[in-house]
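Q: The lines below spell out each chain.
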Amino acid sequence: MTATVLAAEAAGRVSAGEAWAFWILGALAVVGALGMVLARNAVHSALWLVVTMLCLGFFYVINAAPFLGAVQIIVYTGAIMMLFLFVLMLVGRDASDSLIETLRGQRVVAVLLGLGFAGLVATGLGRALDGTTAVGLTEANAPGNVQAIAGLLFSRYVLAFEITSALLITAAVGAMVLAHVERGKEDRSDQVERMRQRFAPGSYPAPKAGPGVYANTMSVAVPARLPDGSQSERSISKILPQRELTAPEAAPKGTEK
Amino acid sequence: MILAEDPTLQTFENDVWWIVLIKLLGVFVVLLLLTLFTINYERKVVARMAVRPGPNQVGPKGWLQSLTDGVKLPFKEEIIPKTADKVVYFIAPVISAMCAFTAFAVIPFGPVVTMFGQRTALQLTDVPVSVLIVLACASIGIYGIVLAGWASGSTYPLLGGLRSSAQMISYEVAMGLSFVAVFMTAGSMSTSEIVKAQAGGDPQEIFGMEVTAPSWYAVLLLPSFVIYCISAVGETNRAPFDLPEAESELVGGFHTEYSSFKFALFFLAEYINMITVSAICTTLFLGGWRAPAPITTIWAGANSGYWPLMWWLVKVLILLFGFIWLRATLPRLRYDQFMRFGWKVLIPVNLVWILFLAGVRVINDEASRGTRIILIVGIATVVLLIALLWPSAKKAPQLSVEEQIQARPQGSFPVPPLDLQVPPSPRARRAVAERAPATVGGDSRGDEPADKEV
Numbered sequence: 001m002t003a004t005v006l007a008a009e010a011a012g013r014v015s016a017g018e019a020w021a022f023w024i025l026g027a028l029a030v031v032g033a034l035g036m037v038l039a040r041n042a043v044h045s046a047l048w049l050v051v052t053m054l055c056l057g058f059f060y061v062i063n064a065a066p067f068l069g070a071v072q073i074i075v076y077t078g079a080i081m082m083l084f085l086f087v088l089m090l091v092g093r094d095a096s097d098s099l100i101e102t103l104r105g106q107r108v109v110a111v112l113l114g115l116g117f118a119g120l121v122a123t124g125l126g127r128a129l130d131g132t133t134a135v136g137l138t139e140a141n142a143p144g145n146v147q148a149i150a151g152l153l154f155s156r157y158v159l160a161f162e163i164t165s166a167l168l169i170t171a172a173v174g175a176m177v178l179a180h181v182e183r184g185k186e187d188r189s190d191q192v193e194r195m196r197q198r199f200a201p202g203s204y205p206a207p208k209a210g211p212g213v214y215a216n217t218m219s220v221a222v223p224a225r226l227p228d229g230s231q232s233e234r235s236i237s238k239i240l241p242q243r244e245l246t247a248p249e250a251a252p253k254g255t256e257k
Numbered sequence: 001m002i003l004a005e006d007p008t009l010q011t012f013e014n015d016v017w018w019i020v021l022i023k024l025l026g027v028f029v030v031l032l033l034l035t036l037f038t039i040n041y042e043r044k045v046v047a048r049m050a051v052r053p054g055p056n057q058v059g060p061k062g063w064l065q066s067l068t069d070g071v072k073l074p075f076k077e078e079i080i081p082k083t084a085d086k087v088v089y090f091i092a093p094v095i096s097a098m099c100a101f102t103a104f105a106v107i108p109f110g111p112v113v114t115m116f117g118q119r120t121a122l123q124l125t126d127v128p129v130s131v132l133i134v135l136a137c138a139s140i141g142i143y144g145i146v147l148a149g150w151a152s153g154s155t156y157p158l159l160g161g162l163r164s165s166a167q168m169i170s171y172e173v174a175m176g177l178s179f180v181a182v183f184m185t186a187g188s189m190s191t192s193e194i195v196k197a198q199a200g201g202d203p204q205e206i207f208g209m210e211v212t213a214p215s216w217y218a219v220l221l222l223p224s225f226v227i228y229c230i231s232a233v234g235e236t237n238r239a240p241f242d243l244p245e246a247e248s249e250l251v252g253g254f255h256t257e258y259s260s261f262k263f264a265l266f267f268l269a270e271y272i273n274m275i276t277v278s279a280i281c282t283t284l285f286l287g288g289w290r291a292p293a294p295i296t297t298i299w300a301g302a303n304s305g306y307w308p309l310m311w312w313l314v315k316v317l318i319l320l321f322g323f324i325w326l327r328a329t330l331p332r333l334r335y336d337q338f339m340r341f342g343w344k345v346l347i348p349v350n351l352v353w354i355l356f357l358a359g360v361r362v363i364n365d366e367a368s369r370g371t372r373i374i375l376i377v378g379i380a381t382v383v384l385l386i387a388l389l390w391p392s393a394k395k396a397p398q399l400s401v402e403e404q405i406q407a408r409p410q411g412s413f414p415v416p417p418l419d420l421q422v423p424p425s426p427r428a429r430r431a432v433a434e435r436a437p438a439t440v441g442g443d444s445r446g447d448e449p450a451d452k453e454v
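Keeping their order, the protein sequence lines are chains A and B.
Residue numbers for the first sequence follow full-length UniProt numbering, so the first one is 1 and each next one is one higher.
Residue numbers for the second sequence follow full-length UniProt numbering, so the first one is 1 and each next one is one higher.
No wet-lab data here; the hints were simulated from the structure.
There's no promise every hint is true.
Pairs of lysine-lysine, DSS-like flavour, derived with a Cα cap of 25 angstroms [unchecked claim]:
(1) K44/B x K82/B
(2) K253/A x K61/B
(3) K86/B x K76/B
(4) K238/A x K82/B
(5) K72/B x K61/B
(6) K208/A x K238/A
(7) K72/B x K86/B
(8) K72/B x K185/A
(9) K44/B x K72/B
(10) K61/B x K185/A
(11) K44/B x K61/B
(12) K185/A x K395/B
(13) K344/B x K395/B
(14) K82/B x K253/A
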């Protein structure tokens, strides 16, 4: 927020609406950050981070950078956090934090390293911005917000921009190379091979009996009966638990008068 | 007749607070009414295409069916699964519906009009990056679907939610790229400015002739328009791209476990999204609220006052008809084909098209006339040479049926000989012979049952 404060000082005033928005959104952003650290469930953590990112997006808009705000919401909140969420959901919904520390003393080290990193960023920014005089938002946005950003991005910072994009592409290609498994032609099974496997001893070629066949119920949880009267366990899905109705469940519900 | 007055960003800053409130309410009501109408419209059109009556019981000709359905839905029993994550399960439909409504804030319905003595534009608000706001709303709206799928604590919704996140993010890239050409041509990202830029074509000089380029970007930027239309269908999860809620695979997709009012919110959001992408298409490619070209020459006042609302509505309804038509015509795509189409066709084509357009613009703006002609001829030659010298794929030799059978690997499924003569079944012959005397009237063919092909 250093730049904002400087710019506001340069403009000489902070309007009431801006102050209100700052205190509300700022508090919300901090709550989101704390929630992200403290939430037990990984998906909840990610959602708290989304709140913080949305607040940052609104901050950009309030500080006369509507393009940056929109891009923050589209790219970071909409795409990157969504990919995080994607992975977290695939990992499983019950994967909450375990309370057993596998690395001894990692909390203390993490706090120290975090503080060190914060100090590093703060001093770096402070030194970089020390001699900078704020020109004010009006001047910065003089040719139009989008045009001003485009002008800087494609002239003065074009090298940094291209290097960043090269870095990202390298990372993406690297991930693909690591994750991609080339399947040779010999690994693909043709129709003849699949047919052999199907009729091989130990595999049952005909379709499984449908659940509930020859039974007195249509429930999918009831095994089918084979022609000799025995129950075919392979006709019901393995994930369905076998259970008997308890006495209260089997008792009349009193709905029929 | 006064001519249409285009709003500028200043117009929106000058709006009084109660005018903004009235416009806000107006947008809300218009969206709700349009949703109720669209549901009926869709059901009636699909019914007509399937040669059946469709809803015809409630209200005049069945037009109040969706209203009664809408009233009924919140009063149904609400079932929340035991494994659901309660808070997220509750928030998800709210996010979905909220984002759908928010996106409509930047859609221009008409020019500056006089409303209760105030000059104001028929558009809730506009910012320099309003098209990006729509994209932002769309990308946040995906959270609604994904979280609904996750929070339900059930397999089908989770799969539906993951599919939709992958699908919508992929198609949002294609959609965003198709906007780039519009931004470059209009020179702005604000919706009202883009409508203004499509007001009239600017004359261009091509080989010494004055040619007026068509003003609608749908014609001028045809590739972008086509890509937008395809990705809009993918973005709204509509058939043939309705994989997140594929009934035959995922029961109901992400909203399988939702009922009552929460389901109503998803339903509402889906239809509003459909209306939003149609409205965006109207704004960006079909000239917005302005009347189509020949109308203004006959009727000068077509674009003034509240009349543009009608043109806007007509354009949106035609686009909605397109959505319904697709649903009634096309079968659902397979998921991997669908993703391949998005990433390997739509996005590369879009990038090449943007590059081409940027090149044309630079040539037009900066190069002198001689260089321009040299460049155009040079590019055309290069493209022609590439097209001519491109190595064509080797044609697979045409095998006859016998050769194909010979080529089959050992142990393949047995096929009957090609010249197989199937003798008529003796049972069928008997059946025909027995049936024949029952023929009443006409010539009796019971005498030659052997000729009967059964």
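Q: Determine for every hint whether it applies to the structure shown.
A: Now the hints, each set against the structure:
1. For the hint linking K44/B to K82/B, the alpha-carbon distance of about 38 angstroms lies beyond 25 angstroms, and the restraint is violated.
2. This hinted pair does not check out: K253/A and K61/B have alpha carbons roughly 43 angstroms apart, beyond 25 angstroms.
3. Annotation: proposed proximity of K86/B to K76/B holds, straight-line Cα distance about 19 angstroms (limit 25 angstroms).
4. Distance check on the hinted pair: K238/A and K82/B sit about 21 angstroms apart at the alpha-carbon level, within 25 angstroms; holds.
5. With a C-alpha separation of about 20 angstroms, the suggested pair K72/B and K61/B falls inside the 25 angstroms cut-off, and the hint holds.
6. For the given pair, K208/A sits about 13 angstroms from K238/A by alpha-carbon distance, which is consistent with the 25 angstroms threshold.
7. For the given pair, K72/B sits about 24 angstroms from K86/B by alpha-carbon distance, which is consistent with the 25 angstroms threshold.
8. Distance check on the hinted pair: K72/B and K185/A sit about 57 angstroms apart at the alpha-carbon level, beyond 25 angstroms; violated.
9. Note on K44/B and K72/B: the hinted pairing holds, with a Cα-Cα distance of about 20 angstroms set against a maximum of 25 angstroms.
10. Among the hinted pairs, K61/B with K185/A is inconsistent with the structure: their alpha-carbon atoms are about 60 angstroms apart, more than 25 angstroms.
11. The hinted pair formed by K44/B and K61/B meets the criterion: a straight-line CA distance of about 10 angstroms does not exceed 25 angstroms.
12. At most 25 angstroms may separate the alpha-carbon atoms for a hinted pair to count; K185/A and K395/B meet this at roughly 21 angstroms.
13. Between K344/B and K395/B, the direct Cα distance comes to roughly 24 angstroms. Compliance with the 25 angstroms bound is thereby established for this hinted pair.
14. Between K82/B and K253/A the CA atoms are separated by roughly 22 angstroms; this keeps the pair inside 25 angstroms, and the hint holds.
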